[in-house]
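Required output: the full structure, derived from the provided sequences and hints.
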Amino acid sequence: MENLLEVKGLRTEFMTEEGPACAVDNVSFVIGKGETVGLVGESGCGKSVTALSIMRLISDPPGRITAGSVLLDGRDLLALSPKEMRGVRGNDISIVFQEPLSSLNPVFTCGEQIREAISLHQGLGRKDSRAKAVEMLRLVRIPDPEKRYSDYPHQMSGGMRQRVMIAMALSCQPRLLIADEPSTALDVSVQAQIMELLLDLREEMEMSVLLITHDLSVVAQMVERVMVMYAGVIVEDASVSDLFSRPEHPYTEGLMASIPRLDVDVERLDVIPGRVPDPLRMPAGCRFSDRCPKRIDRCLLEEPPMFDTGGGHLARCWLSAPTP
Amino acid sequence: MKDENRNNDSLRNDSLNDDSLKDKSLINESLIGGTSLWSSGWSRFRRNRAGMAGAVIVLCLYMIALLAPVISPCDPVQHGDLPAMRHNPPSVAHPLGTDKFGRDVMSRVFYGSRISLTVSLLAVVIAVVIGALVGAVAGYSGGIVDAVIMRTVDALMAIPRIFLLLTCIALFSRSILLIIVLLGATSWMGTARLVRGQILSLRNKDFIIAAESLGAGSRRIIFRHLLPNTMTVMIISATLRIGGIILIEAALSFLGLGVPPPTASWGQMVFEGRDVLLGAWWISTFPGIAIIATVIGYNLLGEGLKESFDPVQFS
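Taken in order, these protein sequences are the chains called U and Z.
In terms of our numbering, the first sequence has 59 at position 59, counting the first letter as 1, and numbering is strictly consecutive.
If you want our numbering, it's the position in the second sequence, counting the first as 1, plus 324.
If you are wondering where the hints come from, they were derived from the structure by calculation, not from laboratory data.
Please note: incorrect hints may appear among the correct ones.
[Said to hold, decoys possible] Computed footprint of chain Z on chain U; a stretch qualifies when at least three of its residues, placed anywhere within it, have a C-beta under 8 Å from a C-beta of chain Z: (1) 77-90; (2) 115-124.
[As the list claims (entries may be wrong)] The calculated label-pair distances, taken between Cβ atoms and stated as ranges, are: (3) Z:528 / U:112: 53 to 59 Å; (4) U:282 / Z:524: 28 to 34 Å; (5) Z:469 / U:322: 51 to 57 Å; (6) Z:442 / U:112: 31 to 37 Å; (7) Z:442 / U:19: 54 to 60 Å.
[Claimed, not checked] Here chain U is said to cover these stretches of chain Z; the calculated rule only asks that three of the stretch's residues, wherever they fall, bring their Cβ under 8 Å from a Cβ of chain U: (8) 525-532; (9) 535-542; (10) 549-563.
Think of the CB as a built atom: it goes at the ideal place given N, C-alpha and C, for glycine as much as any other residue.
Quick look at the structure:
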């Protein structure tokens, strides 16, 4: 498969009073054309910062991308001028955020906001861009789109607003859609509909999707490949079936053990003991070493590199090191 | 009520049931009485007695200013027969009396409203436009740009306004345009601070990041996404500021540096009646009452708007 997005050695830091805190460190991955990739991890592990870094939307100060490259079709986004970057945002890469309520401007109608996204990148007149916006509302399955065009965000439900956000993001046929926890803020029943919609649209529009979530069950249904992130680094990268059948990294195993299961009766859910390390005081060796049940001495001393355990299944763990 | 609607909506909308959707939005509209954020504010404003009283006062004043030629009993600048007409007390022919040139005080008060209202309205528009631009640029840019702009604003606020105005009027010729521009140019600092504060709180809102993620540039973000969201604050601040501007305009006229005579202006009328205040009290009193009524009217209106549209209740 041809690569659409290639992220190499990305490092994003935030200035704090105690010095720079590294939210994303040496993150590398690729997304193929038409591929759907999941990025999984607990809150604060750097998922959203990774997404915002790709879009170059990290607010500076306090944040800064200090190393790495983000290649979209071979073009380094980090080297573009602000103006060139604006041409990429919304046009080549779009993002759907978690909170549909606060992601829409309260003083404009939903339709106007979609129209704005269209007119930003396509030289369409008022009438044409309006027609296109109505078309987008129809595409995201909003009933009666002509009428809903002139609704304000507060007149719509959470699920509808998220559909509007998706319509805005997709209005210029981006090649990559980043969905940052698109269903987390919604009711469970609506979550499934939004996910289904995203899946359908991905196929209709032949785009790649980076789905960010903390929910492994969502990942299992939606994506082809999963990256597991922990404390700012990617610790495992594998196809969905590989990841669920033979997780390599102890952190991934811990995540899976903590998913409630219907078929097994347990008193308490498994949890991973300990806490995520403070970004200002990262362990010297493996970042997961202080919580890892399978820790060996080497873990405390040296940070493991990514090992290929076969078939493109990568894991950042000394236990996955090929035996010589 | 809003929450209840939301819950119902999210359950129903997403089942894509067309009919229930229509019902829902109808109920929604009839309950909150309209289709925008403004409508709920208006319905609250209509129940706000002080605000409505202010609105009525201001409206009446504008009607008087507009209809001055129709409702005035006499010409405001035409001298009467002297000395018979000088300092006549209120009577049927001259309900508010006459001044030392025998001119009808009521007509002059009516015509004077034109000066006060025009000057204050135009000056406040200038002030709000400058203030909004400066505040938006400072708030959106942040960092060193923000610091420099806001310290400059602080410095400008420290200059005593009346002295600055007196100096400028003494240097240039006395004209209504100059007074408008000067009043506007010295009244924008408060608005700039207010707008900057608003922009700061809006800048990191998700919808601004969302707009950036769609490729919107900073000018577009400021003018299309940030400033429209500060509109209510700007209108409220403008309304409350108008009272102050009217008072300064009156003070300038009182000092003889306002609109050149014989054009009637309230401040100047108060000044003219000052010498004969005990004998012919009506000359100063009625324009004084007009000034007070205008300032109170605008302040009541502004407070009413503030209570009804306070953005704190929305965010």
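Hint check:
1. 77-90: holds (count 6)
2. 115-124: holds (count 4)
3. Z:528 / U:112: 53 to 59 Å: 22 Å, violated
4. U:282 / Z:524: 28 to 34 Å: Holds, at about 33 Å.
5. Z:469 / U:322: 51 to 57 Å: Holds: the Cβ-Cβ distance is about 54 Å, inside 51 to 57 Å.
6. Z:442 / U:112: 31 to 37 Å: 35 Å, holds
7. Z:442 / U:19: 54 to 60 Å: Holds - the Cβ-Cβ distance for residue 442 of chain Z and residue 19 of chain U, about 59 Å, lies within 54 to 60 Å.
8. 525-532: As far as the segment 525-532 of chain Z goes, the hint holds, because 4 residues have Cβ atoms under 8 Å from chain U.
9. 535-542: Our answer is that it holds, as 7 residues pass the Cβ test (under 8 Å) against chain U, meeting three.
10. 549-563: With 4 residues in contact (Cβ-Cβ under 8 Å with chain U), the coverage given for the segment 549-563 of chain Z holds.
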